[in-house]
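Asks: Listed here are the chains, written in short residue letters.
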Amino acid sequence: MSCVVYKLGDDVSTDTLYPGRFMATVLPSETVQYAFADDGEFNARLQKKEIAPGSVITAGSNFGCGSSREQAASCLAGYGLVILAKSFARIFLQNAVNLGLKTLAVPDLEAEPGDELEIRNDRVINRRTGKEFPVLPLPPARQAVVDAGGLIPYTKKRLLEKAVSSH
Amino acid sequence: MGMTVAEKILARASGKTVVRPGDVVEPRVDLAMSHENAALVINQFQDIYKGTGLEPRVWDPDRIVIIFDHRVPAESSKTATNQKKIREFCAGQGIWHFHDIRGDEGGICHQILPEYGYVRPGQIVVGTDSHTTSHGALGALAMGIGATEMASVWTLGILLNLEVPATIQVAVTGRFQKFVGAKDLILHLIGKITAKGALFKVLEFHGPTVERMEVSGRLVLSNMSVEAGATAGIVPADDRTLDYLRKDAGVREPLKPVKPDPDADYDRLVEIHVDDLEPQIACPHTVDNVKGISQVEKTRIQQVVIGSCTNGRLDDLAVAASILKGRKVAKGTRLIVFPASSRIYRKAMERGYLRDLMESGAVIMNPGCGCCLGVHQGALGDGETALATTNRNFKGRMGNPNGDVYLCSPATAAASAVTGVITDPRQGGKS
Ligand code: SF4
Chain H
1 MSCVVYKLGD DVSTDTLYPG RFMATVLPSE TVQYAFADDG EFNARLQKKE IAPGSVITAG
61 SNFGCGSSRE QAASCLAGYG LVILAKSFAR IFLQNAVNLG LKTLAVPDLE AEPGDELEIR
121 NDRVINRRTG KEFPVLPLPP ARQAVVDAGG LIPYTKKRLL EKAVSSH
Chain X
1001 MGMTVAEKIL ARASGKTVVR PGDVVEPRVD LAMSHENAAL VINQFQDIYK GTGLEPRVWD
1061 PDRIVIIFDH RVPAESSKTA TNQKKIREFC AGQGIWHFHD IRGDEGGICH QILPEYGYVR
1121 PGQIVVGTDS HTTSHGALGA LAMGIGATEM ASVWTLGILL NLEVPATIQV AVTGRFQKFV
1181 GAKDLILHLI GKITAKGALF KVLEFHGPTV ERMEVSGRLV LSNMSVEAGA TAGIVPADDR
1241 TLDYLRKDAG VREPLKPVKP DPDADYDRLV EIHVDDLEPQ IACPHTVDNV KGISQVEKTR
1301 IQQVVIGSCT NGRLDDLAVA ASILKGRKVA KGTRLIVFPA SSRIYRKAME RGYLRDLMES
1361 GAVIMNPGCG CCLGVHQGAL GDGETALATT NRNFKGRMGN PNGDVYLCSP ATAAASAVTG
1421 VITDPRQGGK S
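Protein chains in written order, with the working numbering: chain H, 1 to 167; chain X, 1001 to 1431.
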């Protein structure tokens, strides 16, 4: 069961998720502290570990718009957050898939902070209301990367195949 | 059914005769650009090789370009150490298309790539920067990717599992009024189709207005295409493109423009007529919150910024200088100018633009990203408002979540610097 801990609107930008002034920090172990850095209250809850891994942030359309900075995805992955949005910006979605941040496009989702959700591959069930909401499947191209455990293992596999075939 | 420019480029790079939107392809990459975030790319690149027993070598050092621009000169020891690490990596891997912090060849990545002739029509260009879409202005398919994706490109030289995007045709007709131009057009388009209007799609620009536009203006259109969510923004290459590449960028070898097929299959058509277009302003805190200038005139501003990969080019500085020459920046307003590259800086100096701007009260910064991304060189104070020729106005973008950023053209920025309030440049900077 996953609890909704935050509800956001449309067009949440990477400047909100990870402000540009912390871009010199690159290691995933260090980026976590700056997740939602300009949102003092939520940042404090994250840093104090008040939010359990698997907790859900819901959002409207175009989540993660703006910069290509990967820290915006790695810092959320570091807390084990799950993002349910109506839609995602392209580079952010790609980064999330590559880094193993769980993101699901659930266009019709109705959920409020505090609601418990059951997240299945094809739908999300809101325990409070009993309503079910379909999940849009990831395009097959991205699913392959998710199945491999992220882009690093996926590329590693391809690299080794290439090394073998060229010998 | 024919193909769009993006489809043709993807088909060629993937070794196919035809591709359609939704097809999964693995195109070969022609050019891979990174800036300071190469520090993260290097980490991920080394991670890929870990445990393989193979020596980490990039697939083709000649196809990688690295440019320091985001935080130059370094604003912190952390950045300086990252830059040092990248410098050493480039030397070790033989990456010699490397633009360090230098007054002769430095500048913003999206200006350096076209200016130095790295980009050619028909190429696949990827960059670890969302505004890599800029290079579509030269008829390439150019898109932003994350650092891990770039590490994968450095390893294999291909993009893994890319879906062919559909293309939206944008047809632009009419003639701009004086002091109205490419920036106003793209802001208007983003306002019209919204920040998600082109999500996962390519914008392809057509029409007589675009055909008459110089490459500098086309770069503005492609640069900001990503603000409508687009994967890429392409202006099909024509004689102007080739002229620019030969005369300005010094490209010698034969060039092959890629044109869309006459029966190309577009997702939809968006038409814009610019005869009556007034200067456009993107209001806080989203780029698609666009209004005609008449609706926001007289808004007080404390900081005016002219520069960035969108509008820090020579013609941008020229129009600003022409408006500010012999006049003064309003008291209580500061004007910060950062030319997009060292070459532009030098030309603007030779032509007297920098002198005119300085005498009006402007502070001229070194070429680079400056305060665009809110790291250094011009953060806003609490409750302050900026008017900028940059491309993003998200909360916190100029270094302070308690500040407001409005986006505009260089002409509007210059006219407003004189009055200290948002001012229509068509009125000659009088409020
Ligand atoms: S000028 Fe601004 S938008 Fe352009 S590359 Fe630099 S930080 Fe990004």
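Source of the hints: derived by calculation from the structure; they are not laboratory data. Hints should not be assumed to be uniformly reliable.
Some chain H residues judged to face chain X by a derived CB distance under 7 Å, without partners named [what the hints assert, rightly or not]:
#1 11
#2 95
#3 130
#4 143
#5 151
No experiment lies behind these values; they were computed from the predicted model shown. Beta carbons are placed, not taken as given, at the ideal position from N, Cα and C, and that holds for glycine.
Asks: All hints, please: hold or fail.
Replies: Each hint, compared with the structure:
no.: 1; hint: 11; result: holds (5 Å)
no.: 2; hint: 95; result: holds (4 Å)
no.: 3; hint: 130; result: violated (30 Å)
no.: 4; hint: 143; result: violated (9 Å)
no.: 5; hint: 151; result: holds (5 Å)
Violated hints for the displayed structure, listed by number in ascending order: 3 and 4.
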